[in-house]
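Once you've looked at the hints, dock chain B against the given chain A.
Take a look at the letters that make up each chain.
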Amino acid sequence: MEYVFSPDNWEWLWTENNARFLLEGFLINIQIAVIAIVIALAIGLVLALLSLATVTPVRLLAKGWVDLFRNLPLIFLILYLALSLPESIKQGWEENAPGFLPEVLRGQLVLAGIMGLVLYNSAVLAEIMRAGILSLDRGQREAATALGLSYRNQMRHVILPQGLRRMVPATVSQLITLNKDTTLVSIIAIQEVVRSGRVLSQTAGNPFVGGGDVQAPILQVMLFIGLLFVITNYALSRLSRRLEVRESRRTATVRPVTVAGVEDQAIPTTR
Amino acid sequence: MIEVLTEHVDDFASGLWVTTRLVLASLVIALVLGTVVAALRVTPSRWLQRLGALYVEVFRNLPLLVLLFISFAGLRRAGIGIGPWTAGIASLGLYTSAYVAEALRSGVFAVSRGQVEASLSLGFTQAQTLRQIVLPQAFRTVIGPLGSITIAMVKNSAIVGASLLALPDLLKQARVVNSNTFQTTESFFWAAVGYMLLTVAATVLFRALESRYAVRR
Numbered sequence: 001m002e003y004v005f006s007p008d009n010w011e012w013l014w015t016e017n018n019a020r021f022l023l024e025g026f027l028i029n030i031q032i033a034v035i036a037i038v039i040a041l042a043i044g045l046v047l048a049l050l051s052l053a054t055v056t057p058v059r060l061l062a063k064g065w066v067d068l069f070r071n072l073p074l075i076f077l078i079l080y081l082a083l084s085l086p087e088s089i090k091q092g093w094e095e096n097a098p099g100f101l102p103e104v105l106r107g108q109l110v111l112a113g114i115m116g117l118v119l120y121n122s123a124v125l126a127e128i129m130r131a132g133i134l135s136l137d138r139g140q141r142e143a144a145t146a147l148g149l150s151y152r153n154q155m156r157h158v159i160l161p162q163g164l165r166r167m168v169p170a171t172v173s174q175l176i177t178l179n180k181d182t183t184l185v186s187i188i189a190i191q192e193v194v195r196s197g198r199v200l201s202q203t204a205g206n207p208f209v210g211g212g213d214v215q216a217p218i219l220q221v222m223l224f225i226g227l228l229f230v231i232t233n234y235a236l237s238r239l240s241r242r243l244e245v246r247e248s249r250r251t252a253t254v255r256p257v258t259v260a261g262v263e264d265q266a267i268p269t270t271r
Numbered sequence: 272m273i274e275v276l277t278e279h280v281d282d283f284a285s286g287l288w289v290t291t292r293l294v295l296a297s298l299v300i301a302l303v304l305g306t307v308v309a310a311l312r313v314t315p316s317r318w319l320q321r322l323g324a325l326y327v328e329v330f331r332n333l334p335l336l337v338l339l340f341i342s343f344a345g346l347r348r349a350g351i352g353i354g355p356w357t358a359g360i361a362s363l364g365l366y367t368s369a370y371v372a373e374a375l376r377s378g379v380f381a382v383s384r385g386q387v388e389a390s391l392s393l394g395f396t397q398a399q400t401l402r403q404i405v406l407p408q409a410f411r412t413v414i415g416p417l418g419s420i421t422i423a424m425v426k427n428s429a430i431v432g433a434s435l436l437a438l439p440d441l442l443k444q445a446r447v448v449n450s451n452t453f454q455t456t457e458s459f460f461w462a463a464v465g466y467m468l469l470t471v472a473a474t475v476l477f478r479a480l481e482s483r484y485a486v487r488r
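From first to last, the protein sequence lines are chains A and B. Numbering (the numbering used here) for the first sequence: 1 to 271. Numbering (the numbering used here) for the second sequence: 272 to 488.
Incorrect hints may appear among the rest.
Some chain B residues judged to face chain A by a derived CB distance under 7 angstroms, without partners named [said to hold, decoys possible]: (1) Leu336; (2) Ile341; (3) Phe460; (4) Ala463.
Using C-beta positions, here's what the derived DEER-type ranges look like [stated by the list, open to error]: (5) A/Glu87 <-> B/Val280: 28 to 34 angstroms; (6) A/Glu24 <-> B/Gly385: 52 to 58 angstroms; (7) A/Val38 <-> B/Tyr484: 39 to 45 angstroms.
Rough simulated footprint, nothing fancy, chain A against chain B, three-plus residues with beta-carbon under 8 angstroms [said to hold, decoys possible]: (8) 279-290; (9) 425-433; (10) 449-459; (11) 466-473.
To be clear, the hints were calculated from the coordinates, so they are not data collected in a lab. Glycine is no exception: its CB is placed at the ideal position from the N, C-alpha and C atoms.
Same shape as in the complex, but just chain A (with noise of 0.2 angstroms):
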């Protein structure tokens, strides 16, 4: 305990810009959380959609990527994909990736990292809107059909505004797991801020890499980096929770949306 709070092992936080380092490693774990969620909402409605088809292959094709995608570790898939992705496509991804990007997020291997979290998170999302879309009354298709909408229209204006808004909290949730899983990026040496507070800790005080003269003990390192994870996610969860609460007074379902396999898994509360 003496040596966690200790002032000198602290030091490292407040000289030279080491703050502002790992807090710009932090911002690229955000920008990286917020690209992968955006493609993976997207992928993930149009796997829900094809695993709801009524066309049975569709269906059964669909839900075997689902399951084989979510079932898979996550770092599995980004190691995998760091190792068999073809030069060409990641020297492609290095030459043309919009400048726009931080410099960080241009390099050959963010293609696999982003990708490993598309390809888990768009499965994962998948089942949960296909659970949400599914715990919609049948009545409401029923009603829907007798209306004489067409299939497109059913979704659009029926079935998809009532079904997605059911699983706004688990999204909210599967969002926090993301963000902490693009931390697992540093494995392939994408430079976030795990990535970041290692090199801190190896640099500062060295006199060889020139990092000042004042350590960065990694254990306090990672106790900042934790820190801000916890505060990030803390926010959100608190979000995630106001939604449900406004959610089931707006509708007076009990029944968040819950999906098998993923950690966080709410019980509906009957109180």
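Quick look at chain B alone, frame taken from chain A:
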């Protein structure tokens, strides 16, 4: 395809065994700690409730990778060197215990208040009500979520092996086989089969538990 498996079956088998032990040991820790924390959150004491809530928020919102760095490299630097196994099991166990605590707590709240009121009015004490009326019913509702948590844990165990820890788990063995054979897809395919075996085993086990303890109405 099959040669990669037959020639390196020992590597894959030992990796699968390491992953299995890692998951089982962490599961025990997660269940024990999770139960303690869930108990804190349903006690009448405000301060204990807050302590439990703080625990859950910290370990649920902290990336597992950061937890691993704290418990292995961080503690080592602080002079408390613990081995990779201890650090891995402790990290995965602590991380998962927050989810277990949440599942158990919701399970307790899912038991209708009327049950508690009826039990108290029949003269059961608070402790008896919790032990004989609430917990048995809560347990039934959380079997499903605990199964999901276990499956997530199998997947998260790969993070332990992939970070700096010297734990030759299934994913690490796939990387070893890959660097020896250069057959990336084949090496990872067989590791994927290994992970599927574990998740399917967990699914079957928890389904069986669920139907065994299902409420028959």
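To see whether the hints hold, each was checked on the structure:
1. A least Cβ separation of about 5 angstroms between B/Leu336 and chain A falls short of the 7 angstroms threshold, and the interface hint therefore holds.
2. For B/Ile341, the interface hint holds, since its Cβ comes within 7 angstroms of a Cβ in chain A; the closest pair sits about 5 angstroms apart.
3. Among the interface hints, the one on B/Phe460 is violated; its C-beta lies about 9 angstroms from the nearest C-beta in chain A, farther than the 7 angstroms criterion.
4. Hint status for B/Ala463: holds, given a least beta-carbon distance of 6 angstroms to chain A, under 7 angstroms.
5. Checking the proposed 28 to 34 angstroms range against A/Glu87 and B/Val280 shows it holds: the Cβ atoms sit about 31 angstroms from each other.
6. Between A/Glu24 and B/Gly385, the C-beta spacing of about 55 angstroms keeps the proposed range 52 to 58 angstroms intact.
7. Between A/Val38 and B/Tyr484 the Cβ separation comes to about 42 angstroms, which falls inside the hinted range of 39 to 45 angstroms.
8. Under the rule that three or more residues need a Cβ within less than 8 angstroms of chain A, the assignment of the region 279-290 of chain B is violated, with 0 such residues.
9. Coverage of the region 425-433 of chain B by chain A holds. Counting CB-CB distances below 8 angstroms, 7 residues qualify, and the rule asks for three or more.
10. Proximity of the region 449-459 of chain B to chain A, defined as three or more residues with a beta carbon under 8 angstroms from a beta carbon of that chain, is established by the 4 residues found.
11. Look at the region 466-473 of chain B against chain A: 3 of its residues bring a Cβ nearer than 8 angstroms to a Cβ of that chain, three or more, so the hint holds.
The earlier numbered hints that this structure contradicts are 3, 8.
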